[in-house]
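Participant: Fit chain B to the supplied structure of chain A, relying on the hints for placement.
Protein chains in written order, with our numbering: chain A, 25 to 300; chain B, 19 to 284.
The reader is advised that the hints may include incorrect statements.
[Claimed, not checked] Cross-link-like lysine to aspartate or glutamate pairs, in silico, EDC-like; alpha carbons within 16 Å at most:
| hint | chain 1 | residue 1 | chain 2 | residue 2 |
| --- | --- | --- | --- | --- |
| 1 | B | K26 | A | D95 |
| 2 | B | K40 | A | D112 |
| 3 | A | K195 | A | D134 |
| 4 | A | K75 | A | E93 |
| 5 | A | K135 | A | E145 |
| 6 | A | K288 | A | E235 |
| 7 | B | K106 | A | D105 |
| 8 | B | K106 | A | E106 |
| 9 | A | K288 | A | E59 |
| 10 | B | K206 | B | E105 |
| 11 | A | K123 | B | E105 |
| 12 | B | K30 | A | D95 |
Keep in mind the hints are simulated off the structure, nothing from the lab.
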Amino acid sequence: MIKIKDLAFSYGKNEVLTNISMDLQPGKIYGLLGENGVGKTTLLTLLCGLKKIQTGSIETDGRNPWNREPDFLQDQYYLPDEVAPVNDKARCWAKSSGKFWPNFQLDTFDKIIREFEVDPEQKMNTMSAGQLKKTYIAFALACGTRFLYLDEPTNGLDIPSKAQFRSALMKYTAEDSTIIISTHQVRDLENIIDPIIILDRRDVLLNASIEEIADKLYFDYGTTLHPDALYSEQLPGGFIQVLPNTDKADSKVNIEALFNTVHKHKELVKNLFNHE
Amino acid sequence: MNNIFDIKRFGKYFLYDLRNAKNNYGLSLLIIGTLSVSTFVIYELFSLIFSQHFSEIPVAMKYMVFFAAITVVILGAGTKIYGNLTEKRAGSNFLMLPASTFEKWLSMGLILCIILPVILLTLQLGSDALASFIFPNTYGDRLLELIAMQELKDNLLENGIRINWTGILLLEWSEYVLTFALGAICFKKSKIAKTILCIFGVSMIFSTIGMIFIGHSGTLYFNWFDQFDSPAKAVSALNWLINITFFVMVGGLLGGIYYRLRTLKH
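With the rest of the complex left out, here is chain A (with noise of 0.2 Å):
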């Protein structure tokens, strides 16, 4: 489990993160959304431990994360949204890269990196973007890690990729991870991120669960504009709009929407999701 405490995190003047207090559960694949700039990444950066707390805490099944010890570390994999292209061939580098991480599965990396029709012969300093990222998302999935932060893990993906992408994901991973995935692209993941985290530079707007939000919140798909909508957004057919689930109605939740209703009433929202 993961818990974050009062977290805050500048660069120099400029503050990033402030007052970030969350627990993250086992086995569920947390959505991390927010503008540009919120500190989603430093987000996921502070918590595999590639930057160091400047206040508050974060503690990963206890542990300080910035300490950076190999049993830690080989509990989990961040996959960064920008990867290095290796001068070695895929199938090589994962071989001898993988010896490090005990659940590692050589032929795991193998079904994957074929399923995204990626040759795993080729040099990865050879390969395009798209191709590479595909190469580290199947390691970081091969891995086999409890923890895993994938930083926009489908930029650069053609679109069979990205449904290959969420298979993988849902295939590959152990029931008791916890996955992380920072995104601008909700539609890519929409069905299988859960809970939503939104976050803003003041706060986090939003941690709450598909079902929670769809028991909050109506999304309605209709031809009539509702005057109380909490956000409307007109769609080819129809409008797409946000009102509160006062009737307690069923309705499929559109994140896209969800994320716009979120910034245009962080108040509203964040009482209508106060836990305490």
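Facilitator: Frame of chain A; chain B shown alone:
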């Protein structure tokens, strides 16, 4: 599991690091290491074109190429093998790899201070010996014979002076290569140029301090030498002094590299 040092994990990491070093710098090292032979081939080609016959390559040129190759490796090896640690993409991979900072640091030190000079010298002297064996008339003496300085060593020994040349050369190599490696993992851009600038800066500071020291207690320094009743003992003491200085400097550089690796952020 020991989180500081585990021999099995270190072995795995060392092989991994060695493999990366080979991928990043292997070809360059091969080209640089066999530079004396390439220079010889080019020299003979030009000789054939301009004077229609093969001629013996000057010894000075062989020396020059030999030391130039060492200089190029000292300047560039750290940057080529470990320079990408300051870059977010490769640096994240390095930091997130499940091995301790101590193991990563130790592996870096071994590769730069032991493996690299051994391979470079093997390549240089091996290719040189081969060229000397195949073309005895035009290539001339082997570098090993030229740089061994056996005559000088014999002369010194006759006077009872023993100098640990291997130790001094190894420490000197380590000092230079680690300085540029530290620069490579500290600076994001223009790593070599900035390291040279830093060396200038540090040298100026130390020279100034040294001048002040000699100005104030120079006689003390010379008196210290006077206490030795033979040149052999004085040289031996000087040898110790040099060794200690190198040890301190190499130790300081290794400490700096460890600190940088431990505090590296992305």
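Participant: Indicate, hint by hint, whether the structure satisfies it.
Facilitator: Going down the list of hints, with the structure as the test:
1. B:K26 x A:D95: holds (14 Å)
2. B:K40 x A:D112: Answer holds: K40 of chain B to D112 of chain A is near 10 Å, not above 16 Å.
3. A:K195 x A:D134: Roughly 14 Å between the alpha carbons, so the hint for K195 of chain A and D134 of chain A holds.
4. A:K75 x A:E93: Distance of about 14 Å is within 16 Å: holds.
5. A:K135 x A:E145: holds (13 Å)
6. A:K288 x A:E235: Status violated; Cα separation ~21 Å.
7. B:K106 x A:D105: holds (10 Å)
8. B:K106 x A:E106: holds (8 Å)
9. A:K288 x A:E59: Between K288 of chain A and E59 of chain A the Cα gap is close to 13 Å, so the pair holds against 16 Å.
10. B:K206 x B:E105: The given pair, whose Cα atoms are some 7 Å apart, holds under the 16 Å limit.
11. A:K123 x B:E105: Not OK: K123 of chain A and E105 of chain B at ~24 Å, beyond 16 Å, violated.
12. B:K30 x A:D95: holds (15 Å)
The structure is inconsistent with the numbered hints 6 and 11, although it conforms to all the rest.
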